[in-house]
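Chemist: With these hints in hand, go ahead and build the complete structure from the sequences.
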Amino acid sequence: MSQSRRFAVRAAREINKDTFIQEWPEAGLVVLGATADPHPSLRLENGRIVEMDGKPREQFDMIDTFIACHAIQLDVAEEAMAMDSLQFARMLVDIHVPRAQVIRLMNGLTAAKLVDVVSYLNVVEMMMALQKMRVRRTPANQAHVTNRKDSPALLAADAAEAAFRGFAEIETTVGVARYAPWNALAVLVGSQTGRGGVLTQCAVEEAMSLKLAMKGLTTYAETLSVYGTDPAFIDGDDTPWSKGFLASAYASRGVKIRFTSGTGSEALMAHAYGQSMLYLEARCLLMTKGAGSQGVQNGSISCIALPESLPGGVAAVAAENLLAAMLDLEVATGNDAMASHSDIRKSAKLMLQFLPGSDFIFSGYSSIPKQDNMFGGGNLDADDLDDYLVLQRDMKVDGGLRPVCENETLAVRRRAAEALAVVFDSFGFPPITKAEIDAAETAYASPDMPDRDMAADLAAAERFLSGPDTVLGAVQALAKNGFPDIAQNIFEIERQRVIGDYLQPSAIFTRGFDVLSGLNDANDYMGPGTGYRLSGTRWEEISNIPQAYDPRLPRHAASAVTLTVEECGEAQPGSGLEVVIAVGPAFGTRLQQTVNDLPLAEVLAQLLAGAADEGVAARVIKIYRTSDLGQISFEGSRLSGSGIAIGIQSKGTTVIHRRGLLPLNNLELFSQASQLSLEHYRSIGRNAARYASGRPVEPLLVPVDNMARLKYIVKTTILHRHETECVQSGRPAESLKINE
Amino acid sequence: MTDSEKNTSRSARLHDHSIISKSGVPLEDLSLDRVAAGWGEMADFSISRQALLHQAEIATASGRRQLGENFRRAAELVDVPDNIILQIYEGLRPFRATAAELGELAGQLRLQFHAPECARWVEEAAEVYVSRGLLKTAHENSDR
Numbered sequence: 011m012s013q014s015r016r017f018a019v020r021a022a023r024e025i026n027k028d029t030f031i032q033e034w035p036e037a038g039l040v041v042l043g044a045t046a047d048p049h050p051s052l053r054l055e056n057g058r059i060v061e062m063d064g065k066p067r068e069q070f071d072m073i074d075t076f077i078a079c080h081a082i083q084l085d086v087a088e089e090a091m092a093m094d095s096l097q098f099a100r101m102l103v104d105i106h107v108p109r110a111q112v113i114r115l116m117n118g119l120t121a122a123k124l125v126d127v128v129s130y131l132n133v134v135e136m137m138m139a140l141q142k143m144r145v146r147r148t149p150a151n152q153a154h155v156t157n158r159k160d161s162p163a164l165l166a167a168d169a170a171e172a173a174f175r176g177f178a179e180i181e182t183t184v185g186v187a188r189y190a191p192w193n194a195l196a197v198l199v200g201s202q203t204g205r206g207g208v209l210t211q212c213a214v215e216e217a218m219s220l221k222l223a224m225k226g227l228t229t230y231a232e233t234l235s236v237y238g239t240d241p242a243f244i245d246g247d248d249t250p251w252s253k254g255f256l257a258s259a260y261a262s263r264g265v266k267i268r269f270t271s272g273t274g275s276e277a278l279m280a281h282a283y284g285q286s287m288l289y290l291e292a293r294c295l296l297m298t299k300g301a302g303s304q305g306v307q308n309g310s311i312s313c314i315a316l317p318e319s320l321p322g323g324v325a326a327v328a329a330e331n332l333l334a335a336m337l338d339l340e341v342a343t344g345n346d347a348m349a350s351h352s353d354i355r356k357s358a359k360l361m362l363q364f365l366p367g368s369d370f371i372f373s374g375y376s377s378i379p380k381q382d383n384m385f386g387g388g389n390l391d392a393d394d395l396d397d398y399l400v401l402q403r404d405m406k407v408d409g410g411l412r413p414v415c416e417n418e419t420l421a422v423r424r425r426a427a428e429a430l431a432v433v434f435d436s437f438g439f440p441p442i443t444k445a446e447i448d449a450a451e452t453a454y455a456s457p458d459m460p461d462r463d464m465a466a467d468l469a470a471a472e473r474f475l476s477g478p479d480t481v482l483g484a485v486q487a488l489a490k491n492g493f494p495d496i497a498q499n500i501f502e503i504e505r506q507r508v509i510g511d512y513l514q515p516s517a518i519f520t521r522g523f524d525v526l527s528g529l530n531d532a533n534d535y536m537g538p539g540t541g542y543r544l545s546g547t548r549w550e551e552i553s554n555i556p557q558a559y560d561p562r563l564p565r566h567a568a569s570a571v572t573l574t575v576e577e578c579g580e581a582q583p584g585s586g587l588e589v590v591i592a593v594g595p596a597f598g599t600r601l602q603q604t605v606n607d608l609p610l611a612e613v614l615a616q617l618l619a620g621a622a623d624e625g626v627a628a629r630v631i632k633i634y635r636t637s638d639l640g641q642i643s644f645e646g647s648r649l650s651g652s653g654i655a656i657g658i659q660s661k662g663t664t665v666i667h668r669r670g671l672l673p674l675n676n677l678e679l680f681s682q683a684s685q686l687s688l689e690h691y692r693s694i695g696r697n698a699a700r701y702a703s704g705r706p707v708e709p710l711l712v713p714v715d716n717m718a719r720l721k722y723i724v725k726t727t728i729l730h731r732h733e734t735e736c737v738q739s740g741r742p743a744e745s746l747k748i749n750e
Numbered sequence: 120m121t122d123s124e125k126n127t128s129r130s131a132r133l134h135d136h137s138i139i140s141k142s143g144v145p146l147e148d149l150s151l152d153r154v155a156a157g158w159g160e161m162a163d164f165s166i167s168r169q170a171l172l173h174q175a176e177i178a179t180a181s182g183r184r185q186l187g188e189n190f191r192r193a194a195e196l197v198d199v200p201d202n203i204i205l206q207i208y209e210g211l212r213p214f215r216a217t218a219a220e221l222g223e224l225a226g227q228l229r230l231q232f233h234a235p236e237c238a239r240w241v242e243e244a245a246e247v248y249v250s251r252g253l254l255k256t257a258h259e260n261s262d263r
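Protein sequence lines, in the order shown, are assigned to chains A and B.
The first sequence maps to residues 11 to 750 in this note's numbering.
The second sequence maps to residues 120 to 263 in this note's numbering.
None of these hints come from the bench; they were simulated from the model.
Just so it is clear, the structure is predicted and the values come from calculations on it, not from any experiment.
All C-beta atoms in this analysis are idealised placements derived from N, C-alpha and C, irrespective of residue type, glycine included.
Hints should not be assumed to be uniformly reliable.
SDA-like, lysine to any residue: derived pairs with alpha carbons at most 20 angstroms apart [to be verified]:
{"no.": "1", "chain 1": "A", "residue 1": "K490", "chain 2": "B", "residue 2": "E160"}
{"no.": "2", "chain 1": "A", "residue 1": "K490", "chain 2": "B", "residue 2": "V247"}
{"no.": "3", "chain 1": "A", "residue 1": "K65", "chain 2": "B", "residue 2": "E160"}
{"no.": "4", "chain 1": "A", "residue 1": "K725", "chain 2": "A", "residue 2": "D607"}
A short list of chain B residues far from chain A (calculated; beta carbon distances all over 10 angstroms) [to be verified]:
{"no.": "5", "residue": "T217"}
{"no.": "6", "residue": "G222"}
{"no.": "7", "residue": "Q227"}
{"no.": "8", "residue": "R229"}
{"no.": "9", "residue": "L230"}
{"no.": "10", "residue": "T256"}
Modeler: Written out as structure tokens, the structure is:
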């Protein structure tokens, strides 16, 4: 047990719920530079590879063979492999070297060479390189939309909201596998309600996945996992050839695909061969490229806590994202599975993808509460959306999302559920009730949804899957029943299948169904002033979060007690025992409340009552020539018969001053106005009176709040700005009469 | 979408006019009104061999050789029925098929479906599976 209370407090922090281990290279528990990692080499004879990364062709395993046959482009391989890795590393961050020039050479590198190149980069350089090397110029984001009950109305509403919030892709999956066609349908209808052109997928086993695509219910798939060693791949029940065939099969059905890989999976399966996570990931990426996949989701994905347990783990995950981009692959950069208990650590890790931007910053941002995330994801979830939107605004970074207001969001959610109800009706499915639509509109999570008859639903879903109905029936039903816009969007998604432009690298659709891909929106970053720049209407959109208010407009609480003051001539020097209360120029006129929302009428009443408690007269004067508290109180003390004055700004900041002290000196200063209560003001009045009458005074202690500055600095600034606008230089202080 | 919107005028949709669906319907004949009136089936909204070959050309021309090759294999698979696709995929998984069975699948692809690139893919897999011991053996349960 800890002796130190500070150590004990730290031990209980979220970060210490995470697991940390030392490296164990023999088990593959090392991110980079394992002793079993090969050194880069490549030898060609008669137009074929006879040695790769120190291994002669006779010893090639399955993966080596695939990489040698399909991934490495022999026309540039010798030239590229002869180059110094450090020189490549510098090219990656050199703004004078165009991306295309780097890509051409990367086509010829082996796995060991690729890893050697990135091993020269620190994380800042990796971010610079990712900014330059990612395929699509415009960054984007992908959402997870699932729920524990497989509630169709909630799926539709959540997909609509995700689309409305700006996600370019939505991935769903199932709690119960037989729901797949329904979930795919619900997410398709929902997404096209929120924003036309959002790509959707339903992660299920391959045969089902192909069937969903054939019914027109999905547009992409990213379930094609690859692994970096033969036994791990075979444990995954596939080979590079089976996965490569699937890639072609999906494309033949007009489905965009990306592969899945990520550091740590081989170690998890106890098949790492003592090789580092990054080396094995480089092999995965070369297979992905060799199979002709347009892209990959990596960044450790579901294994993320494994590299993060190791030294350099988060940097390695950034490196694997970069490796994908270096190979000209679209990259959806993880950030989906739970990476840490610590919000600090999660946010810090996210920056490595968020700041440079990637094709999809998350390969599944949980746009639903994590309790409903059926991927086991939710590293950031629905609860964190406002945080994420603020990060975009803070950093002036396009993270793919946009701020939304509640009314519009609820309308979109409701419409999606209503549209799906129409589709359900047309297909003869058990109906989506009004109660479900109502619940889907405002639900937090699936427990808020009414239960459905699961047996009847599953029977209907299975009939739909095996029967003749397709997405075209949904289009027809929507067009005929008051949802022509949603029908149009789904129709357009289906029409785009025939064209196939979205099969090209990093393709997404804009609102107007224009494709943005590596072909027509190619990343052209070459340093400052080039590449994607957040500006214009998109920057305005990101800037205008609903929480932001116009500081020029006064924000009085409606219930404020109003102070009315009457000026009655220039304030004169007093005599005898008195306290002067000198108020700022906006006091009781333009401003009516302190920073702490105390009505100035009551504040002033308490100051006067405090002086009266001690039997001392007090009078109120208003200072016009300055809004500075030191000057206000200095002026008051100059006019005070006793020489004691209370200076108070309209925001509530107060000081007790005595004539003869310098303006910036004082008897007592209450600088954190937000901490002052009416009782405090009364005590200030009493203390001032005791100073005036020469009695002993115990200075008033006000609690200190470290958060006060954070909470009130903006309001303080605004209130002080108003006060300063009321300054009339050269105008003498006025005597004030207070009206009740 | 900010400044990238400027570029959408270069959208790859420029080649729309020459495209037909898998069923042979020209792209311009696909309309919401027709679908709303009950017209159409999924083959009318499926990509054609020609369209995939066109995408393959675009990919290759942009320096993406392997993507182009994938699209060419995909073009060959357009007319291969789902059940055959799944059968070939299953055969390519580890320990599922003998060398002869893979040879038959390759032959079927080449002769019945005019899919020489895909046939070559299966044959190449078979060669590797022989040397790496990934074929189904006589005593092995095929639904491992």
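Chemist: Any hints this thing doesn't respect? Which numbers, in order?
Modeler: 2 and 3
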